[in-house]
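Participant: In order, the protein sequences belong to chains A and B.
The number in this note's numbering is simply the position in the first sequence, starting from 1, with 445 added.
The number in this note's numbering is simply the position in the second sequence, starting from 1, with 657 added.
The hints are simulated quantities; they were obtained by calculation from the structure and are not laboratory data.
Computed from a prediction, not measured in an experiment: that's the story for all the values here.
Be aware that one or more of the hints could be misleading.
Said to hold, decoys possible - Listed below are several chain B residues computed to face chain A (Cβ distance under 10 Å; list not exhaustive):
{"id": "1", "residue": "730"}
{"id": "2", "residue": "809"}
{"id": "3", "residue": "840"}
To be verified - For lysine to aspartate or glutamate, the following DMTMM-like pairs were computed, each having C-alpha atoms within a straight-line distance of at most 20 Å:
{"id": "4", "chain 1": "B", "residue 1": "776", "chain 2": "A", "residue 2": "826"}
{"id": "5", "chain 1": "A", "residue 1": "820", "chain 2": "A", "residue 2": "502"}
{"id": "6", "chain 1": "A", "residue 1": "1193", "chain 2": "A", "residue 2": "1152"}
{"id": "7", "chain 1": "B", "residue 1": "776", "chain 2": "A", "residue 2": "1152"}
{"id": "8", "chain 1": "A", "residue 1": "766", "chain 2": "A", "residue 2": "922"}
{"id": "9", "chain 1": "B", "residue 1": "790", "chain 2": "A", "residue 2": "1119"}
{"id": "10", "chain 1": "B", "residue 1": "790", "chain 2": "A", "residue 2": "890"}
{"id": "11", "chain 1": "B", "residue 1": "772", "chain 2": "A", "residue 2": "826"}
{"id": "12", "chain 1": "B", "residue 1": "725", "chain 2": "A", "residue 2": "868"}
{"id": "13", "chain 1": "A", "residue 1": "904", "chain 2": "A", "residue 2": "929"}
{"id": "14", "chain 1": "B", "residue 1": "790", "chain 2": "A", "residue 2": "826"}
{"id": "15", "chain 1": "A", "residue 1": "883", "chain 2": "B", "residue 2": "774"}
{"id": "16", "chain 1": "A", "residue 1": "912", "chain 2": "B", "residue 2": "734"}
{"id": "17", "chain 1": "B", "residue 1": "790", "chain 2": "A", "residue 2": "855"}
{"id": "18", "chain 1": "A", "residue 1": "912", "chain 2": "B", "residue 2": "784"}
{"id": "19", "chain 1": "B", "residue 1": "750", "chain 2": "B", "residue 2": "794"}
{"id": "20", "chain 1": "A", "residue 1": "782", "chain 2": "B", "residue 2": "801"}
{"id": "21", "chain 1": "B", "residue 1": "762", "chain 2": "A", "residue 2": "848"}
{"id": "22", "chain 1": "A", "residue 1": "904", "chain 2": "B", "residue 2": "794"}
{"id": "23", "chain 1": "A", "residue 1": "727", "chain 2": "B", "residue 2": "787"}
{"id": "24", "chain 1": "A", "residue 1": "479", "chain 2": "B", "residue 2": "734"}
{"id": "25", "chain 1": "A", "residue 1": "1172", "chain 2": "A", "residue 2": "1152"}
{"id": "26", "chain 1": "A", "residue 1": "1165", "chain 2": "A", "residue 2": "1113"}
{"id": "27", "chain 1": "B", "residue 1": "776", "chain 2": "A", "residue 2": "1119"}
{"id": "28", "chain 1": "B", "residue 1": "750", "chain 2": "A", "residue 2": "868"}
{"id": "29", "chain 1": "B", "residue 1": "772", "chain 2": "A", "residue 2": "998"}
{"id": "30", "chain 1": "B", "residue 1": "776", "chain 2": "A", "residue 2": "779"}
{"id": "31", "chain 1": "A", "residue 1": "853", "chain 2": "B", "residue 2": "723"}
{"id": "32", "chain 1": "A", "residue 1": "883", "chain 2": "B", "residue 2": "775"}
{"id": "33", "chain 1": "A", "residue 1": "1115", "chain 2": "A", "residue 2": "791"}
{"id": "34", "chain 1": "A", "residue 1": "1190", "chain 2": "A", "residue 2": "502"}
{"id": "35", "chain 1": "A", "residue 1": "500", "chain 2": "A", "residue 2": "482"}
{"id": "36", "chain 1": "A", "residue 1": "1025", "chain 2": "A", "residue 2": "998"}
{"id": "37", "chain 1": "A", "residue 1": "853", "chain 2": "A", "residue 2": "890"}
{"id": "38", "chain 1": "B", "residue 1": "800", "chain 2": "A", "residue 2": "779"}
Note that the Cβ used here is the ideal one computed from N, Cα and C, for glycine as well.
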Amino acid sequence: MTNHWGDIANADVILAMGANPAEGHPAAFGWIMKAKERGAKLIAIDPRLTRTGTKADFYARIRSGTDVAFIDGMINYVIQDIEKNPDNYNMLYIREYTDASYLINPNFKGPAELDGLYSGYAGQLNEADGAKRKYDKSTWTYQLDENGIPKQDKTLKDPNCVFQLLKKHVARYTPEKVNAICGTAKDSFIEVCKAYAETGKTSKAGTIMYAMGTTQHTNGAENIRAYSILQTLLSNMGVAGGGINAMRGESNVQGSTDYGLLYHILTGYLKNVVDSDTTLTKYLERITPTTKMPKSLNWWKNTPKYVVSLFKAWYGDAATKDNEFAFNYLPKLDSAKNYSFIALFEAMAAGTIKGLMCWGQNPAVGGPNSNLERKALENLDWLVGIDLWQTETMDFWKRPGVDSKTIKTEVFVLPALASYEKEGSVSNSSRWMQWRYKAANGPGDAEDDLWIANKLMLKLRELYVNKGGPGAGAITDMAWNYGDKPDPNVVAKEINGYDLTTGKLVNNFVGLKDDGTTSCGCWLYSGSYTEAGNMAARRKLTQDTFNIGLFPEWSWCWPLNRRIIYNRASVDLDGVPFDKEHPVIKWNPTKGGTGGWDGDIADNAAVPLSADAGVLPFIMVPNGQAKLFGPGMAEGPFPEFYEPWESPVTNQASKQQSNPIFKIWRPEEKGTPDEFPIVATTYRVVEHWQAGQMTRNLPWLVEMQPEPFVEMSEELASEKGIDNGDKVVVESKRGSVKMVAVVTKRFKPFQLNGKVVHQVGMLWHWGYTGLSTGDSANLLTPSVGDANTMIPEYKAFLVNVRKA
Amino acid sequence: MELSRRDFLKASGLGVGGAFLLGAIKPDKALAGPPQALPLKKKIGETTSICPYCGVGCGFVIDSADGKVLNVEGDPDHPINIGGACAKGAALKQVGADNPWRLSKVLYRAPNATKFEEKSWDWAITEIAERIKSTRDANFTEKDSKGNIVNRTEAIANLGGAALDNEECYLLSKMMRGLGLVYIEHQARI
């Protein structure tokens, strides 16, 4: 989240889309209700009238997978209104804090001109050849002046300026088009646009709260880009009650991502090293952005300090200037390969992955196309599962329908300790690192993951010291001194970082250097555990200066305990807040003698923009200004609507049916509407959680929600002769499940361009292991992923339904 | 007489094993001073924690004695949930050691076997480390076909874990890179 949970109460309009916070993040819903008490409006956009929808002031129904069409439609409405009523918008923000004025290469062409594609596509429309499903982005560039600075038209009228190109791009997404694609009634759609566009005023803030319904699509990343564009045009970024607020689903998925447990990143989102990074210098050049834009801080220019400090944390004295700080010890990615979850299981299915360690994850239930994962596991020589509970992944070799005697995989199950049986920290969705303590003992021989990882590494180091092996230095030279029972406080301090010349903890990442004199496990968390103590353990409820609910002394958040990111965008060029009632920061010319910022930790502490030493607000963007035009995206700089891989209709926005870039792993597994005419989505219930091992073994929760169900409209049920409570079979091209039918008014058939299309929703928390067993919807979901992130398209695929 | 949960906790004294009984006050008299702490036979410790489920990060108070969980409820001092709990948080007591479904032993399934057997930690750590080493060594690429130093293995994958502590995630990230893994993924991807 750019903002935080309690900040929701500062919003005037809350847009909940691709999420059902009433059930997915119930405590947070209290803050939505608090906002409503103050007069705020809640908009819920969802294929189903969820519990969130029942509390909404505006509910708009959309077909799963059509989010970009809806949001581009909203952007269309807002742009037209900006031109008609500029006084209702923050034109200063749009002109000075965004790239709206930048001029783009005149050879750049978009979907409005190219039937759904952008300039530079290697293939044809609806290209099937994987080698041709890519873009040459050389036309997706800025026009630069003689100093290398993007040319700008601050009047926003030049036909090649970003504002005009965006306007042209979204012009196709009229209310009629939104109705044809999404199935949303025109008046519902326009009501939502009107209500949300109100937040364009400087005195009003709108927040977008979203979750997996937005991300789990082949077009998922563009869905979020669309939100960013909308929020930027409405000057909602960096303000109280605004922002892009991803509601993350696990207690520490924020932390696990921050610490680089994904193949493409090291800690702190530093890009991982690849084969062509032949030297540290080359690597740093590749990953460190530069800018010519005056007054742009370009904070990522500090990358070398964070990289070298990380290498010092990992290799200690073995990382020196002479050996490029142990650079070559790091495993380098094959730059032609993708190593993400779907690719990982494809490699396992092909037999190249022989061993798997699985820490508190249950891919046999949580991954897409479950049969694929479960079968792939059979190819492993060995599997290590570490969890509090037995899982389907640990039990894959005895799952229903297989003969254990034919499966050779060795399986090790290691019992782990629960959250309150150990000490350490977790980072919530709003970047708050919260320390927690051991309250009770675990069962039997259970140990915590810190202890387990340490034991394994100690043993491995012993083996490599005694017996040697290829690349042994990477293991034996690693700085690994945690004793027999690692102390999480020691690890947290390593993460914070040290000044190696004094042995003292650094105050924060501003003190980090690229010359090997500092160490830091993760630059983002630098400042969390300093000489002043464990900042994450703080429990003070002091209010912030402006009373906007920041709780600056409760726990610690990254970066630098800054609670609202990009908060320089909440003030004008002189540092005066746009919103007088809910200021985030405010320039105080007498503070500390020479002046400073009151309120939240300013993002960044430089003087206001109007002064010579002032800086632009979007400090993590090389040019310092928010990007409406995003050339870094795989499938286009503006979000374009494409149908999901499996779709019941032809694309009404263009001739390009589905996303032209995403990788199609198994084309033979694509279901077609003649066989599978019903749109399916997956979702969660409050009583169960993810792949189920943490909830399906708890009697109270099983009592409340005993089995998986498929929810459908009364109309569909009537067509199929299904009564509420009947057992039904749901099938896709990939598999079949049996579930209870829940027949409700919450789904309604869609009218799409004259065609009736039904949608159903299914739960996926179940599997064949544990107190409560059943089928997972993931037996049906497709293993295709987003073109940028490879997140699977769990949220929109095709099925058929019949009585069992 | 209205007492907020916060007042109740403060009155009873956190972790001191005292208790405040409403009946000990005369019902017709207003509370003139701090309530008396009455000693109980058992010492009850209260420890603050953060929920292991979703990403809201609600605070909980775990009441325990002799290493066992007695009760779990929302932390009234936590600024996000202010003592509230959803169904999952409210069930946190059942995550504890008393739940018979909790794994309490190291288990091993041999090739082609039809069931798990119990093992010791020492045995498992040694066996797992040996398998990691032999798989890694047999499938380790020091230089790729272009002669670039890559020092990686593509034969071992590491998945997890979005519910592990930050300090655990950090050590796993460090350890797995030290071992040369490139297939490092977890729930954030899916």
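Participant: Is residue 727/A close enough to residue 787/B, meaning Cα to Cα at most 20 Å?
Facilitator: Not OK: residue 727/A and residue 787/B at ~36 Å, beyond 20 Å, violated.
Participant: Please work out if residue 883/A and residue 774/B have their alpha carbons no farther apart than 20 Å.
Facilitator: violated (30 Å)
Participant: Verify the proposed pairing of residue 790/B with residue 855/A, using a straight-line Cα cut of 20 Å.
Facilitator: holds (15 Å)
Participant: Between residue 776/B and residue 826/A, is the straight-line Cα distance small enough, at 20 Å or below?
Facilitator: holds (19 Å)
Participant: If you draw a straight line from the CA of residue 772/B to the CA of residue 998/A, is it 20 Å or shorter?
Facilitator: It is violated: about 52 Å lies between the C-alpha atoms, which goes past 20 Å.
Participant: Is residue 1025/A within 20 Å of residue 998/A, Cα to Cα?
Facilitator: Status violated; Cα separation ~24 Å.
Participant: Are the Cα atoms of residue 790/B and residue 890/A separated by 20 Å or less?
Facilitator: violated (25 Å)
Participant: Can you confirm whether the C-alpha distance between residue 500/A and residue 482/A stays at or below 20 Å?
Facilitator: Since the Cα atoms of residue 500/A and residue 482/A sit roughly 12 Å apart, the hinted pair holds (cutoff 20 Å).
Participant: Would the pair residue 853/A and residue 723/B pass a check requiring their Cα atoms to be no farther apart than 20 Å?
Facilitator: violated (43 Å)
Participant: Has the given pair, residue 912/A with residue 784/B, been kept, meaning a C-alpha gap of at most 20 Å?
Facilitator: Distance ~15 Å between residue 912/A and residue 784/B Cα, so the pair holds.
Participant: Is it true that the CA of residue 904/A sits at most 20 Å from the CA of residue 794/B?
Facilitator: holds (15 Å)
Participant: Please work out if residue 782/A and residue 801/B have their alpha carbons no farther apart than 20 Å.
Facilitator: Roughly 13 Å separates the two Cα atoms, so the pair holds.
Of the numbered hints given earlier, the model fails hints 1, 5, 6, 7, 9, 10, 15, 16, 19, 21, 23, 26, 27, 29, 30, 31, 32, 36, 37; all others are met.
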